[in-house]
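Whole structure, please, built from the sequences with the hints as guidance.
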Amino acid sequence: MSTAPSAKDAQAAAAPISRRAFLKAGGALVVGFSLGLTARPGRAQTEARGAAAGPPDAELIDTWLAIHADNTATLYIGFVELGQGTTTALPQIAAEELDLALEQISTAQHDTHVTPNQGGTYSSASVARGGPQVRRAAAEARQALLRLASERLGAPVEQLRVEHGVVTAPGTDRRVTYGELIGGRLFEIPFTGTAPVKSPEDYEIVGVRAPRKDLPAKVAGTYTYIQHLRLPGMLHGRVVRPRGQRAYGAGAKVIEVDETSIAHIPGARLLRRGDFLGVVAENEWDAVRAARDLRVTWDDTPSLPAFDALYDTMRADETDDVVVLERGAVGDAFERAAHRVSFETRCPYQAHATFAPNCALADVKADSALVICSSQDAYGARRVLAPILGLPEAQIRVQYCESSGTFGHSCYDDVAQAAAIMSQLAGAPVRVQLMRWDEHGWDPYGPAHVGEVRAAADESGKLVAYEYHGWHHNWSLIEPSQQLAMGSEPVPWPFLVSQQVSPQNCGAMYAIDNLRLVNHRLDTARYLRAAWLRSPLDLSLSFTSEQAIDELAYRLGEDPYEFRRRNIADERWLGVLDAAAEAAGWTPRRAAGQTQGDVVRGRGIGLGTHLASWGGAVAEVEVNKATGQVAVKHLYGAIDAGLVVNPAIVEAQIVGQLVQTASRMLLEEVTFNEHGVTSLDWASYRVIRFEDCPEVTPIVVQRLDQPYSGAGEEVMAAAAAAIANAFFDATGVRMREYPFTPERVLAALAGA
Amino acid sequence: MAIDIRIRVNGREHVVSAEPDTPLLYVLANDLELKGPRFGCGLAQCGACSVLIDGVERRACVTPAESVEGQEITTLEGLPAWFAARRGLENVPALHPIQQAMLDEQAPQCGYCYNGMIVKAAELLERNASPSDAEIRSAMNGHICRCGTYPRIISAIRRAAESMRSEA
Numbered sequence: 001m002s003t004a005p006s007a008k009d010a011q012a013a014a015a016p017i018s019r020r021a022f023l024k025a026g027g028a029l030v031v032g033f034s035l036g037l038t039a040r041p042g043r044a045q046t047e048a049r050g051a052a053a054g055p056p057d058a059e060l061i062d063t064w065l066a067i068h069a070d071n072t073a074t075l076y077i078g079f080v081e082l083g084q085g086t087t088t089a090l091p092q093i094a095a096e097e098l099d100l101a102l103e104q105i106s107t108a109q110h111d112t113h114v115t116p117n118q119g120g121t122y123s124s125a126s127v128a129r130g131g132p133q134v135r136r137a138a139a140e141a142r143q144a145l146l147r148l149a150s151e152r153l154g155a156p157v158e159q160l161r162v163e164h165g166v167v168t169a170p171g172t173d174r175r176v177t178y179g180e181l182i183g184g185r186l187f188e189i190p191f192t193g194t195a196p197v198k199s200p201e202d203y204e205i206v207g208v209r210a211p212r213k214d215l216p217a218k219v220a221g222t223y224t225y226i227q228h229l230r231l232p233g234m235l236h237g238r239v240v241r242p243r244g245q246r247a248y249g250a251g252a253k254v255i256e257v258d259e260t261s262i263a264h265i266p267g268a269r270l271l272r273r274g275d276f277l278g279v280v281a282e283n284e285w286d287a288v289r290a291a292r293d294l295r296v297t298w299d300d301t302p303s304l305p306a307f308d309a310l311y312d313t314m315r316a317d318e319t320d321d322v323v324v325l326e327r328g329a330v331g332d333a334f335e336r337a338a339h340r341v342s343f344e345t346r347c348p349y350q351a352h353a354t355f356a357p358n359c360a361l362a363d364v365k366a367d368s369a370l371v372i373c374s375s376q377d378a379y380g381a382r383r384v385l386a387p388i389l390g391l392p393e394a395q396i397r398v399q400y401c402e403s404s405g406t407f408g409h410s411c412y413d414d415v416a417q418a419a420a421i422m423s424q425l426a427g428a429p430v431r432v433q434l435m436r437w438d439e440h441g442w443d444p445y446g447p448a449h450v451g452e453v454r455a456a457a458d459e460s461g462k463l464v465a466y467e468y469h470g471w472h473h474n475w476s477l478i479e480p481s482q483q484l485a486m487g488s489e490p491v492p493w494p495f496l497v498s499q500q501v502s503p504q505n506c507g508a509m510y511a512i513d514n515l516r517l518v519n520h521r522l523d524t525a526r527y528l529r530a531a532w533l534r535s536p537l538d539l540s541l542s543f544t545s546e547q548a549i550d551e552l553a554y555r556l557g558e559d560p561y562e563f564r565r566r567n568i569a570d571e572r573w574l575g576v577l578d579a580a581a582e583a584a585g586w587t588p589r590r591a592a593g594q595t596q597g598d599v600v601r602g603r604g605i606g607l608g609t610h611l612a613s614w615g616g617a618v619a620e621v622e623v624n625k626a627t628g629q630v631a632v633k634h635l636y637g638a639i640d641a642g643l644v645v646n647p648a649i650v651e652a653q654i655v656g657q658l659v660q661t662a663s664r665m666l667l668e669e670v671t672f673n674e675h676g677v678t679s680l681d682w683a684s685y686r687v688i689r690f691e692d693c694p695e696v697t698p699i700v701v702q703r704l705d706q707p708y709s710g711a712g713e714e715v716m717a718a719a720a721a722a723i724a725n726a727f728f729d730a731t732g733v734r735m736r737e738y739p740f741t742p743e744r745v746l747a748a749l750a751g752a
Numbered sequence: 001m002a003i004d005i006r007i008r009v010n011g012r013e014h015v016v017s018a019e020p021d022t023p024l025l026y027v028l029a030n031d032l033e034l035k036g037p038r039f040g041c042g043l044a045q046c047g048a049c050s051v052l053i054d055g056v057e058r059r060a061c062v063t064p065a066e067s068v069e070g071q072e073i074t075t076l077e078g079l080p081a082w083f084a085a086r087r088g089l090e091n092v093p094a095l096h097p098i099q100q101a102m103l104d105e106q107a108p109q110c111g112y113c114y115n116g117m118i119v120k121a122a123e124l125l126e127r128n129a130s131p132s133d134a135e136i137r138s139a140m141n142g143h144i145c146r147c148g149t150y151p152r153i154i155s156a157i158r159r160a161a162e163s164m165r166s167e168a
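From first to last, the protein sequence lines stand for chains U and S.
Taking the working numbering, I'd label the letters of the first sequence as residues 1 to 752.
Taking the working numbering, I'd label the letters of the second sequence as residues 1 to 168.
Keep in mind that a hint or two might mislead.
Restraint-style ranges between C-beta atoms, simulated for each label pair [claimed, not checked]:
# : chain 1 : residue 1 : chain 2 : residue 2 : range
1 : U       : Asp202    : S       : Arg86     : 48 to 56 Å
2 : S       : Ala94     : U       : Ala53     : 39 to 47 Å
3 : U       : Arg295    : S       : Asp21     : 15 to 23 Å
4 : U       : Glu622    : S       : Asp4      : 50 to 58 Å
5 : S       : Ala94     : U       : Val197    : 33 to 41 Å
Read the hints as simulated data drawn from the structure, not as lab findings.
Virtual Cβ for every residue (Gly too), placed ideally from N, Cα, C.
Rendered as structure tokens:
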């Protein structure tokens with residue numbers, strides 16, 4: 001059994017106070033957390049650096065790195081820890097270039113006054129986008145340190161050796177540490193652009209299965225989540241909204257509020273700005289009770305399509321159409337093709353359903369504000385808070401603190417705005433935590449999707465034509481707190497590739513000469529609020545697309561793995577397909593050969609990704625045809641994400657992706673009626689639990705010679721398709737709608 | 001009207017002033033400033049707030065603080081000492097074997113649900129030294145992990161069971 005470093009060790013390693021802190025502490029903005037909670041790592045540096053609003057200059061070494069007198073370092077990164085291992089993987093890159101041990105590097109929390117702006121923790125890009133920046137900064141720092149060491153030791157830079165931050169001149173007994181060299185001073189050196197970086201074959205820390213730095217405190221129970229933070233003199237707050245959002249464009253309109261309904265709770269206060277309602281109290285339970293008891297009459301005009309009419313409404317609605325990709329002549333190719341399939345699917349709204357309801361703390365004063373939240377983009381949150389609070393951006397400091405895994409844009413910005421609005425109204429610091437029904441009911445969901453695909457192959461089994469049409473709406477730009485408080489118009493997100501039919505999941509993995517992809521965008525205001533949910537749109541696209549490909553293989557009498565293999569030219573798609581098939585012990589045969597009996601088993605294969613990287617998966621399922629119950633027994637998932645900095649962390653990410661995909665395909669579905677959302681807790685919005693959890697086999701396809709790309713969501717589309725294809729193999733019937741509830745399964749089997 | 005409530009948590013007596021219907025969770029998190037039990041749903045559906053009450057896992061979010069007066073409450077923080085007391089160990093280990101196993105398996109991702117996972121698994125291992133896969137899944141089914149780390153939690157429970165048997 002290995003020896004676990006205790007949480008105390010973890011805190012101690014992160015505690016050294018930099019000279020920067022020593023030099024600047026006089027002017028520091030002091031952010032106090034109540035006694036009894038452990039001080040956050042790197043707090044002293046954070047306070048010292050926070051004297052001026054950021055972002056700091058990205059071309060300075062000091063922006064990224066501080067070397068402390070005790071020969072440890074703090075890395076300042078603009079990405080946040082979400083449980084995905086960013087605070088381990090990025091230090092691995094820095095430690096590698098600096099020749100420090102991983103234990104010598106800690107990270108500071110993302111903070112608009114402290115850390116650089118790396119553009120938000122989105123698209124699994126912490127390592128893909130942040131890695132090269134950190135690598136470059138660490139290499140620049142190493143070059144500067146070696147120059148100092150060369151002077152100190154009287155030896156040319158080329159002859160120096162570094163290990164664990166100790167520089168030696170071989171053949172002499174002279175040595176000096178980084179800590180002694182920089183002696184608590186700032187580097188005050190801009191990037192030279194000439195610092196050499198290590199070659200991947202020399203890596204000793206990158207590519208290693210280093211244990212996660214955040215886990216000792218997380219299992220000991222000493223880790224500080226945002227829900228644990230308290231500000232001196234603060235009030236506890238809760239938002240008051242209808243249970244379940246209406247259409248995005250409808251917002252929520254207050255007809256009447258009866259303030260006397262909370263008069264029995266002494267100390268509870270109603271706060272109101274426009275249609276934004278909140279309650280505060282010194283005691284948290286009083287705030288919870290006040291939010292529960294406050295009598296509000298809301299405008300209840302129907303604003304949504306009926307649940308059963310959703311997809312027909314989407315299909316009939318006006319759309320803004322864009323041809324995403326077109327090559328060859330799809331129409332002619334279809335007419336000439338020997339084998340054709342067409343396939344339509346309907347894919348639900350799904351919720352982030354973040355496990356911990358989002359929480360934020362705000363202290364808004366007349367001329368400045370501090371907002372602590374779990375936004376994946378502190379700088380973005382600050383930009384939006386400025387007009388809401390009527391303060392210049394530079395007067396607002398936004399600090400990140402981890403909540404539970406969010407898997408995309410959940411209510412973290414919404415609750416940050418709520419806390420800020422309530423603090424401004426109350427004239428005191430306010431902590432707001434959402435209730436379960438707020439989080440489930442006001443989430444910006446992953447949007448529903450209607451897919452129509454047709455694909456064709458020639459006599460020899462070569463794919464010759466492919467066409468995909470997808471209907472869905474964009475994400476919602478304005479958070480409910482802003483919308484309700486300021487009466488803001490329901491603005492959709494501007495264009496982003498993640499909001500439309502993506503080539504990566506629609507045909508691009510296959511060598512097809514004639515291809516056409518069309519995106520049909522609906523008006524967001526008429527539907528539910530939406531945002532990116534882990535692997536946005538990809539599960540829906542792949543569920544549709546890869547079933548059509550699979551069906552072609554079936555029509556041709558071919559094994560689905562071999563059919564795909566023959567139609568792929570790209571070696572990285574082949575790599576993940578082969579890796580998943582090999583792990584699963586795939587033996588070629590035509591699908592749906594044994595579909596008799598009440599309980600049938602099947603296996604399926606699928607490909608897919610999210611924008612970058614490559615994902616392949618195999619699923620094994622069991623279907624009870626009498627009850628309609630589907631069990632995913634085993635999922636194998638392979639990711640090629642280029643050079644993988646920490647394979648153990650990527651394996652953990654694959655495990656989570658596979659389990660979550662099983663959950664989304666079998667169980668998850670936001671429900672609503674014309675008046676609002678009705679799936680408001682874990683009973684009405686079901687997610688996978690222990691008893692239904694599949695076995696999982698994660699596979700990392702390591703590519704040392706390729707750039708880092710994302711690994712936090714890139715096998716979900718493949719796994720979704722594999723599950724659908726396995727269902728077909730088991731039953732001989734195709735599912736056109738998910739989740740695969742018993743009711744839907746029985747209907748599909750009966751209609752076959 | 002707030003009343004004085006006397007509760008015993010991790011071997012220590014506390015007197016807090018609270019409304020009689022205040023759930024135990026708010027007392028533990030706010031008055032006692034404990035970080036183990038935490039809010040997840042307030043509906044006893046997820047297990048984020050789990051504590052042991054006289055050795056039995058219960059949901060602090062729906063348990064009125066007043067109702068557990070006179071009972072022994074153990075939170076994640078007190079689990080190593082609780083374990084040591086049950087086993088008659090002279091020294092309290094830094095971690096309960098299930099905590100160590102969770103670390104060895106590198107099981108958590110965000111880790112927010114691990115309060116409940118660890119508390120529930122410790123309860124299970126106390127009454128079943130060699131739980132089968134089906135017994136583990138059944139016992140743990142009331143606890144949600146949104147990150148999907150269930151497979152590693154199951155492995156960690158098996159690993160902890162083994163280490164507890166070998167040390168017994």
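Against the structure, the hints come out as follows:
At about 51 Å, the beta-carbon gap between Asp202(U) and Arg86(S) stays in the expected band of 48 to 56 Å. In this structure, Ala94(S) and Ala53(U) meet the distance hint of 39 to 47 Å, their C-beta atoms being roughly 41 Å apart. Between Arg295(U) and Asp21(S) the beta carbon distance is about 19 Å. The supplied range of 15 to 23 Å therefore holds. About 56 Å separates the C-beta atoms of Glu622(U) and Asp4(S), a value consistent with the hinted range of 50 to 58 Å.
Remark: the range hint 33 to 41 Å for Ala94(S) to Val197(U) is upheld by a beta-carbon distance near 39 Å.
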